[in-house]
Each structure stands twice: as C-alpha cells, then as structure tokens.
Amino acid sequence: MRAAPDERGDFAARVIAWQRRHGRHDLPWQGTRDPYRVWLSEIMLQQTQVTTVLAYYPRFLQRFADVAALAQASEDEVLALWSGLGYYSRARQLHRCAQRVVADFGGQFPAQAAELATLPGIGRSTAAAIAAFCFGERSAILDGNV
Numbered sequence: 001m002r003a004a005p006d007e008r009g010d011f012a013a014r015v016i017a018w019q020r021r022h023g024r025h026d027l028p029w030q031g032t033r034d035p036y037r038v039w040l041s042e043i044m045l046q047q048t049q050v051t052t053v054l055a056y057y058p059r060f061l062q063r064f065a066d067v068a069a070l071a072q073a074s075e076d077e078v079l080a081l082w083s084g085l086g087y088y089s090r091a092r093q094l095h096r097c098a099q100r101v102v103a104d105f106g107g108q109f110p111a112q113a114a115e116l117a118t119l120p121g122i123g124r125s126t127a128a129a130i131a132a133f134c135f136g137e138r139s140a141i142l143d144g145n146v
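Mapping of the sequence shown onto the working numbering: position 20 corresponds to residue 20, and the numbering continues sequentially without gaps.
Honestly, the hints are just simulated from the structure, not real lab data. Cβ atoms here follow ideal geometry from the backbone N, Cα and C, with glycine treated the same way.
Per label pair, the in silico range of CB-to-CB distance:
1. Arg-14 to Leu-79: 41 to 47 angstroms
2. Ala-12 to Gly-84: 33 to 39 angstroms
3. Phe-105 to Leu-142: 22 to 28 angstroms
4. Trp-18 to Glu-137: 19 to 25 angstroms
5. Ala-103 to Val-15: 37 to 43 angstroms
6. Ala-55 to Gln-19: 21 to 27 angstroms
7. Arg-21 to Ala-140: 20 to 26 angstroms
8. Asp-104 to Arg-21: 39 to 45 angstroms
9. Leu-142 to Gly-31: 18 to 24 angstroms
Take these sequences, add in the hints, and give me the full structure.
Here's what the structure looks like:
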C-alpha cells in the first residue's frame with residue numbers, strides 16, 4: 001500500500017518537527033557544508049556510538065585538517081589515530097578514499113551521490129548524506145537508526 005502524497009508530506013513534517021524538538025543540536029559536524037567533515041563524521045559514526053565519536057572527531061581533524069592532509073599520511077598513522085574506534089577497515093577505506101579524492105578529483109569531493117558512491121568506503125547512505133548536506137542534492141539518506 002502506497003501513501004498518498006499529502007500523507008508523505010505530513011509524515012516528513014512530523015519527523016522534522018520531532019527532530020527540532022527532541023533531536024541533538026550540539027554535534028560538531030552539524031551545520032557544516034564541508035564535504036570532508038561530513039564524510040569523516042559519517043564514516044566514524046558507522047557502528048559507533050556518538051559519544052565515542054565525539055572524542056575522536058576533533059583529534060582527527062586537528063591532525064588531518066583536510067582531505068589532502070589525510071591522503072598524504074601513512075596508513076599506519078591513520079590507523080594509530082583511529083585506534084579505539086574499532087572496525088579498522090573503515091580507517092583503511094577512509095585513507096584510500098582520501099587518496100582517490102586528491103588524485104582523481106583534485107582534492108574536491110564530487111557533488112553527486114552517484115559519483116561519491118564510486119569511492120572506496122562510501123556507500124549509498126554516506127554518498128547521499130554528503131550530496132544532500134554539502135551540495136543540496138535531494139538524496140534519500142538511509143540510516144538503520146531511524
């Protein structure tokens with residue numbers, strides 16, 4: 001059974017109203033349109049609690065301020081800074097992705113979700129989040145926590 005367009009709009013409005021009232025509004029990656037910061041937060045938050053990521057995110061940005069700095073680092077350095085976040089394949093993919101963004105896109109993230117999803121470690125949800133939050137693309141962000 002499909003919802004009528006007015007029902008979908010009502011549902012979306014209710015979800016947005018709930019988030020405005022009850023959601024978190026104090027996270028350091030909220031409100032940024034910087035694709036590097038959105039990407040980093042999306043990858044760190046996969047299978048990891050927000051409270052844990054809050055400790056790692058600023059340290060990671062302090063050491064790797066942009067995608068070029070991350071791309072230039074050694075994998076061992078990236079893994080050492082990632083230590084404690086778990087799922088180390090995410091850190092390896094993060095590093096590979098940074099290298100591809102620098103090599104193939106001149107250090108600029110692609111603006112379209114479809115192109116973002118071709119990069120290492122970026123799936124449909126992460127690609128949609130970057131495209132929507134940073135470039136204004138109307139993309140569905142799929143999250144298992146909703």
